[in-house]
Amino acid sequence: MSQAVQIKRVPEARSKSPLFWLPFGAGGMLFALFGPGLILITGLMAPTGIGIPESFMSYAHARAFAENPLGKLILLAVIALAFWHGAERIFLTLKDMKAGTIPPLKMGTYGVAAAATVLTLIVLLVI
Amino acid sequence: MSERRPYRRPMPSNWWWAPGPYRAYTIRELTGVAIVIYGAVLLAGLISLASGPSSYAGFLAFLKSPFSLLLHLVLLAAVVYHVKTWFETLPKTQPKIIVDGKPVPAEQITKYATMVAAGCSLALILLVMGVAR
Numbered sequence: 001m002s003q004a005v006q007i008k009r010v011p012e013a014r015s016k017s018p019l020f021w022l023p024f025g026a027g028g029m030l031f032a033l034f035g036p037g038l039i040l041i042t043g044l045m046a047p048t049g050i051g052i053p054e055s056f057m058s059y060a061h062a063r064a065f066a067e068n069p070l071g072k073l074i075l076l077a078v079i080a081l082a083f084w085h086g087a088e089r090i091f092l093t094l095k096d097m098k099a100g101t102i103p104p105l106k107m108g109t110y111g112v113a114a115a116a117t118v119l120t121l122i123v124l125l126v127i
Numbered sequence: 001m002s003e004r005r006p007y008r009r010p011m012p013s014n015w016w017w018a019p020g021p022y023r024a025y026t027i028r029e030l031t032g033v034a035i036v037i038y039g040a041v042l043l044a045g046l047i048s049l050a051s052g053p054s055s056y057a058g059f060l061a062f063l064k065s066p067f068s069l070l071l072h073l074v075l076l077a078a079v080v081y082h083v084k085t086w087f088e089t090l091p092k093t094q095p096k097i098i099v100d101g102k103p104v105p106a107e108q109i110t111k112y113a114t115m116v117a118a119g120c121s122l123a124l125i126l127l128v129m130g131v132a133r
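If you read the sequences in order, they're chains A and B.
Okay, so the first sequence: first residue is 1 according to the working numbering, each after it adds one.
Okay, so the second sequence: first residue is 1 according to the working numbering, each after it adds one.
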């Protein structure tokens, strides 16, 4: 006599990790392609006036850039993706180092990235 | 009571700075910190821009300070290392590219992708130099 075996299908708990891989990958690619150029322009060339006149980052120019819809999009992408990319790297490394339990590590990395993103959005909306 | 005594491989707590691949891994991950610092500098600049001309002047003065110039040199070195490691990882994370029935070797993908990246950064700088006159 055979007994019917009932297989109960338990819905698989889906990992949330892929949600964080997307901005990590997007930020990593953005900074791999344009990172050296961005840092050279805003951090070294424009402040010293080497190759790029200092007026490039003047109040009027920066203001016009931040008020332009495309400029807003660029600023949001660069700032937010920088934070999300770094958050993923720092979180996983601190986890590997067993630097603490998971929830505070997540707050200190993803939480900071989320706060920076919201702050950037607010500033871009009011400017 | 269980008699199980599984072997646990010892892992020193400072494994992440052990010379070799572990240290290379840690340095690669630290480029993430550099990218966050750069994002934070831009965000601070954006906030000062929204607060008005005098506060933005303070941001520009900071950018001209020796501290900031040194910081950006360090950030530049870190992000260049990020470019190198990012495209060394690329062939491992994407499907194989088959040309004439043979997979393109990983070193070639890394080489060409790094060249494209160098071109992107250079094009951005040339564009800005052309626009900002």
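Incorrect hints may appear among the rest.
What the hints assert, rightly or not - Derived lysine-lysine pairs resembling BS3-like cross-links, with alpha carbons at most 25 Å apart: (1) B:84 - B:64; (2) B:92 - B:64; (3) A:95 - A:106; (4) A:95 - B:92; (5) B:92 - A:16.
Source of the hints: derived by calculation from the structure; they are not laboratory data.
In this text, all values refer to a predicted model and were calculated from it rather than measured experimentally.
Hint check results:
As the CA atoms of residue 84 of chain B and residue 64 of chain B are separated by approximately 28 Å, the hinted pair breaks the 25 Å bound. Among the hinted pairs, residue 92 of chain B with residue 64 of chain B is inconsistent with the structure: their alpha-carbon atoms are about 41 Å apart, more than 25 Å. Proximity of residue 95 of chain A to residue 106 of chain A is assessed by CA-CA distance (about 10 Å); at most 25 Å being required, the pair is judged to hold. At roughly 23 Å between alpha-carbon atoms, residue 95 of chain A and residue 92 of chain B fall within 25 Å of each other, so this suggested pair holds.
Between the alpha carbons of residue 92 of chain B and residue 16 of chain A the distance comes to roughly 22 Å, so the proposed pair stays at or under 25 Å and holds.
Checked against the numbered hints given earlier, this structure breaks hints 1 and 2; the rest are met.
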